[in-house]
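Protein chains in written order, with our numbering: chain A, 638 to 1449; chain B, 24 to 359.
Be aware that a few hints might be false.
According to the in silico footprint, chain A covers these stretches of chain B (three or more CB under 8 Å from chain A) [claimed, not checked]:
#1 124-132
#2 208-214
#3 336-346
Quick caveat, the hints were computed from the structure, so don't treat them as lab data. Yeah, the Cβ is synthetic: ideal placement off N, Cα and C, and Gly gets one too.
Take a look at the letters that make up each chain.
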Amino acid sequence: MKVSFRWLCDVAPGIELTPEEAMARLALRGAPVEEAEDLSAGLEDVVIGRVLEARPHPNADRLTLCRVEGAEGEVPVVCGAPDVREGAFYPFAPVGAVLPGGFRIGKRKIRGEYSQGMLCSESELSLGEDHAGIMLLDGEYEVGAAFAEAIGLKDWRFDVEVTPNRGDLLSHVGIARELHPEGHAGIVLPDFPGGDGTAAAAALVTGVVRGSAESRSAGARIAIEDPDLCQRYLGAVIRGVSVGPSPRWLAKRLRAAGARPINNVVDATNYVMLELGQPLHAFDLDRLQDATIVVGRARPGESLVTLDGETRPVTPEMLMIRDAHRPVAIAGVMGGRDSEVSGGTADILLECALFEPKQVRATRRALGMSTDASYRFERGVDPAAMETAVRRAAALILATAGGRLDGEIIDTCPEPWEAPRVTLRPSRVAHLLGVDFTAGEIAGLLAPLGYTLAGRVGDALEFLVPGHRSQDTLREVDLIEEVARTHGYDAFPQELSPFRPGTVPDHPLFQLEDRLRALLVADGISEAQTPALGPASDGDVELLNPMSAEESRLRRDRLPGLLRHVERNMARGVRDVRLFELGTAFAPVPDAAPAESARVAAVLTGRRAPLQWSAGGEPFDVYDIARVLELVGAEAFPGARLEVWEGGDGLPQGVAALFAPGRAYVLRAAEGGVVGWGGEVAAGAVDVPPWAGAVVGGEVLLPDLPAPKPAVTASELPGHPASQRDVAFLLPAGTRAGDVLRSCRAGGGPLLEGVEAFDLYVGDDLPPGARSLAVRLRFRARGRTLTDREVDKACRRVLRKVKEVTGVEPRS
Amino acid sequence: MIDELRQLEREALEAIRAAENPDELERVRVRYVGRREGLVSGLLRRLGTLDAAERPAAGAAANRAKKALAAALEERLGELAAADGGGGPDPDLTLPPRRKWRGTVHPVSQVIDDIWAIFRSLGFTRARGPEVDNEWYNFVALNTPLDHPAADEQDTLYLSPGLLLRSHTSPVQIRTMEVHQPPIRILAPGMVYRRDTYDATHTPAFAQIEGLVVDEGVTFVDFKATLAEFARRFWGPGTQVRFRPSFFPFTEPSAEVDVKRVIVREDGREEGTDWIEIMGAGMVDPAVLENVGYDSERYTGWAFGMGPARVALLRHGVRDLRLFYENDMRFLGQFA
């Protein structure tokens, strides 16, 4: 909501705050100023100048040679306007002045005559679009005085952030209530300049003809068909107006509040809306068939061309303002073009209505539009201020556009407004706010906001809610908030009290994620955050209203998104990328919300350690992602094991395309289900430059509700030494190391404590395709030292088992 | 001859392993692979006497054995030198340390962790809920009727009519209270989604942290005290905290919470920052409590929601939120 600071002060005389103080106060009242603009900024150098003499320039037809008195005496000024008036006052920019936009006035010679300053037009001062002539100032001024202050231009435009519950703040009066020390009681609506003519004044006192379903005056008829959707419709007939530009004060006011002046009739309605928050509309009465207004639903198949020139099909769910035959406005949203006030309009019907907020909201949403009027109706306008609004708008039109009020104010009101009553228990105030307030204190805090104490019921206080708050303060708690707000949030103490522990256990998935994060960071991998939204290729759950095709689906897996960030790093020349992510993946479920699964994904590429003088330059390979999968698997699914993926089933669809068979793993939980995968990412699945090394990546599904990590039961340390034997197995082509190691373990018997593969050798001295795998076998017995014979025997058993299962023999 | 070679190799390896000091090791070396008298060397010299057919295999085996023995000697020498505390060239400690990669926790996660650590010490536990939720949990149960303008404040991403990506973490309030009875004292970090395009201060997906306390006798005073305590622990003891009236449909009274931090300038002088908005908060609206079947006359509570990415932005002097989601290693690596 944009407001003029001067306007605020005008509707509530007694606001004695600087603009800065007003902003600070509004912040603490819940209506912070998002932006403040000094409207006279750039006009500091401009003063009031008086033209003492004006005569045609001797050497130019269109120029005028003036003698201007400014702050520093008389100077010659050459002016481009032909009609400069002697003795009149104008904004004057002396030599050295800088105008808005940065134009600096210098001493110049124009066609042989010196000019020491400039008489300014509105557009040169950024005050309006009128650049045809210089800005003649009506009235008397002090020569040399600062121009902006002298003509009342010194003003600030506040852009106030108004929360959706506070429709009452969508007006100058509403915001002034928050600033005036007496609040509501401090509001005194000012007279309009030039509004003291009898015709205008009559609008403020003329009678009202009332009816519940319809009423008439001055040949016009107003009827309400749907009292649920329109509680009241006030009209006034004004005949003989002259539509034209608004007077300067009115245009200035509207501009100061961020509105664009249109013509004196429309500007009057906008002025009153900005002043009181009540949207108004002026119809060209001649365009209303039978001079009739019927508030009712659209008929099937109707449409309407609105003020903005759009043809809008309307439906029977929408409330219309109709004349005798057709819709002429969309109630509470926008008027129709055909009945709008134009240059030729003589008679008008002024509308001041109260529409049901939800109805206006539904209609304007269905039409995909929002207007100043609909915005206010949705948030609720003040039902108690309607008559004031229609009278002030009529008076303003009469004052600026002339004409006369015909007949009485027409008031069709199916359900007269009554102030709602809300009961408030002081004990409940203390219960919620933690501070005791007496009944008198409570009433004292609520009074400036317009709440009046109507009576007491036992200990409870009964308040009448003022019209401007009748949308949002209908419950006890709403009034308690107002007590707190008026008392001042900062006035409440801040004492910590003892608390009881909650009943909600700390969610185990957070705990698992904490552990995984620590593990992976310790492994040298950095945590990434990537969006869960991706393109169609990356997900099966579609958004109804996506922002772009690239963000139209919820990801089915997290690894592909992480790969995109590998690409992004590489595109920037970063070769060593180690990223992991904890995030959610989504799978569609027919006729239900998608299934969500927590995931951890990781990618590695580049050097295994930073470049340095000792070793470490080797690139990551598939065995590194195996380590990551093993780490995560052990933490998330105790007992999980890695298997080689040889193609086919095992990997979910979509994931299989990331890897080549035999170059990827499947992580299987102890129960057998696939809970993760990883491997060397296939060349087609990640778009990296030719210099990039292998990219390895993996992903693990996390359990929804991980079992708590069991406490470790420590094993006793062995009291006797182990014996070890190193064996080199010659693995012919096609034999898998894992099978050999597994057979070692299987054949070792109870004495075999450990099996470690400690070397893998490939060389020309071995048969083609063969590898030599060196394995250290560690044997130990509880409670005694093994003899060499026992160890040899156990070792032979291992070798036998390996030969039996895999056919592999040790190298001699 | 190959058998002979194998026999010698085994003997030599055992001798190498048994050598107790470098001198002894040197004697073993001379005995087996010394150029003149070495047994293996001697065997090699006999290669020429073999049949041409046998020669290549034997030659390869001999070379392999020589290599293996050389490696074993070197390894044992290294072991002995290590045991002895010297032997090799003097270490040069001006060389850079032997380094590994250092992983980093994402700066937004670090903020969440720090916030959690403080609330944990204030008796909170963590709760979570689904990222896809329905209008009841995201709006209606939170006292936000769909036909009220407050529902517009967050432009929501929908999957189908009624089904949406949660636009805030507040649905976790409802889901938690539906299952558990007071006292409730939870923190709910999680991802939320809005129909915002990427710019310096907006991303369509971002982290949020919800907090909720419900019990008997919980008041506005507790609310202010606990959040002020949090702010002072997070931003430092000199931090000022300000509560400004605001509006959220699910809290009443509602507040925006601002902090003014004290920063120490380079010249050592202390300086207050501007007020910075850090969270929306308030007393839980009785309608919310009624929606989950709590007796709102008996129980009261308070709640808050804050954006850790915004906090991270301020904490690290980052100008553009998008940096947090580009995952550039050079950016993430700074948060070690």
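Original post:
Can you give the numbers of the hints that this structure goes against, from lowest to highest?
Top reply: 3
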